[in-house]
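Using the sequences and the hints given, assemble the complete structure.
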Amino acid sequence: MHRFFHRVPAALALASAAILLSACASFPHDAPIAGLRLIGEQRIALKQPFQGTTVGGLSGIDYDAASGTWVMESDDRSEINPARFYRATLAYDSAAFTGVTFNSVHFFTQPDGSRYPNLAHARLEQGDAVADIETIRVDPRDGSLWYGSEGNRKVGLHPFVRHADRDGRYLATLPTPAMFRVSKDETGSRNNMSFEALSFASDGKSLWLGMEAALYQDGPLATPDRGSVVRITRLDRAGAVLGQYAYAIEPVASRPAPGREADNGVSEILAVNDHQLLVVERAGVENADGVYANHVRVYEMDTQGATDIQSIPALAGAAYVPARKRLLLDLEKTGLPRVDNIEGISWGPRLANGRRSLVMISDDNFNAQQVTQILAFEVL
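Here the sequence shown stands for residues 1 to 380, numbered as in my numbering.
A few of these clues could be false.
Subject to a maximum C-alpha distance of 35 Å in a straight line, what follows is the list of computed DSBU-like cross-link-like pairs (lysine-lysine) [said to hold, decoys possible]: (1) LYS47 - LYS154; (2) LYS325 - LYS205; (3) LYS325 - LYS154; (4) LYS333 - LYS47; (5) LYS154 - LYS184; (6) LYS325 - LYS184.
Pairwise CB distance ranges (calculated) [claimed, not checked]: (7) GLY354 - TYR320: 35 to 41 Å; (8) ASP165 - ASP93: 27 to 33 Å; (9) ALA91 - THR187: 45 to 51 Å; (10) GLY354 - PRO140: 42 to 48 Å; (11) ALA368 - GLU261: 16 to 22 Å; (12) ASP308 - LEU171: 25 to 31 Å; (13) PRO32 - ALA96: 23 to 29 Å; (14) PRO313 - ASP167: 37 to 43 Å; (15) TYR320 - LYS154: 26 to 32 Å; (16) PRO337 - ALA316: 37 to 43 Å; (17) ALA34 - ALA91: 24 to 30 Å; (18) ARG141 - ALA34: 26 to 32 Å; (19) PRO349 - GLU286: 34 to 40 Å.
Keep in mind that the hints were calculated from the coordinates and are not lab data. The C-beta atom is built at its ideal place from N, Cα and C for all residues, glycine as well.
Put into structure tokens, the structure is as follows:
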């Protein structure tokens, strides 16, 4: 095992008091969330080597309660190393977050048993996929893994959700709605803006699948002047749609430099109970030097009273009731020295006081201008 981390000053935890809200010391799994208290932060060094691989691009995280380890997947499109995930141990309690230990690395496989290739070596005509894995979940039934890939619109690769064993070996592909497939015209998923978010429902019998950005037919992307809308879909384990809801994305929180880019989208979801989800909205805003600032907010989404939109082919101009949302946490108000590209969120083990913990992780894109940060919270 290897231990790599940078300790963040203890004073940081005190700064998080601004988001502390009173709540009961213990509550059932589906109880309302009053707030999140930052316990602490750890960072993983840029391009940290581990067992012959380069750690980075960590865009999904989930807790494996049976083994007490955390699963972290990389969105490396097999360009640095083959598509993979890591198992790690996080050391934190209600007082401090003290370390990250990497235990093992595992490679995802395709249906034929081979590892995912990069685009330069993919045999697309023979059924190869180039994985752009953005989200991963541990199956509460047996510890197997489910993961989502955004596909590649430019070469006609559709987004997918696949099921793997604990070591990443392919088991099955989950059928997903045809509306999410890529196409040659402006319908379906946008490139690099599709299956970004995945969560098991609180009962473990179904899965929630979240889009990062709007389908072409559902309207334009978010800008500093207007928001957007994405579809969040509930599927059973065979892929049947149990419900689909519109989630309204906020406008981008600041403006980019002239001629530069800015966007806002859903980077992950996490089920709270049968009708509520946590939704991470992550905005990237480019400055004149090409460096991105991130605005990250966590909302509570509630599907009760919302329209089931699965039969509405295009949301632009359609009449529907979106899911309700409530701001739960603005990461820029936690006292963190910086907020990076948060793309993963997971429940963690209960703390000694009986409250749940929650962990977030950022994707550094293997970029020296970014950091991989892991944040631990107490759930109030």
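To see whether the hints hold, each was checked on the structure:
1. LYS47 - LYS154: Measuring from Cα to Cα gives roughly 28 Å; hence the hint holds.
2. LYS325 - LYS205: Satisfied, since the Cα-Cα distance of roughly 24 Å is no more than 35 Å.
3. LYS325 - LYS154: holds, 33 Å
4. LYS333 - LYS47: Holds, at roughly 28 Å.
5. LYS154 - LYS184: Status holds; Cα separation ~9 Å.
6. LYS325 - LYS184: Holds, at about 34 Å.
7. GLY354 - TYR320: 35 to 41 Å: holds, 40 Å
8. ASP165 - ASP93: 27 to 33 Å: holds, 32 Å
9. ALA91 - THR187: 45 to 51 Å: holds, 47 Å
10. GLY354 - PRO140: 42 to 48 Å: Distance hint for GLY354, PRO140 is violated at roughly 20 Å.
11. ALA368 - GLU261: 16 to 22 Å: holds, 19 Å
12. ASP308 - LEU171: 25 to 31 Å: holds, 29 Å
13. PRO32 - ALA96: 23 to 29 Å: Since PRO32 and ALA96 have Cβ atoms about 27 Å apart, the given range 23 to 29 Å holds.
14. PRO313 - ASP167: 37 to 43 Å: holds, 40 Å
15. TYR320 - LYS154: 26 to 32 Å: Since the Cβ atoms of TYR320 and LYS154 sit about 31 Å apart, the hinted range of 26 to 32 Å holds.
16. PRO337 - ALA316: 37 to 43 Å: Taking Cβ atoms as reference, PRO337 and ALA316 lie about 40 Å apart, which means the hint holds.
17. ALA34 - ALA91: 24 to 30 Å: holds, 26 Å
18. ARG141 - ALA34: 26 to 32 Å: holds, 30 Å
19. PRO349 - GLU286: 34 to 40 Å: Taking Cβ atoms as reference, PRO349 and GLU286 lie about 38 Å apart, which means the hint holds.
Checked against the numbered hints above, the structure breaks only hint 10 and satisfies the rest.
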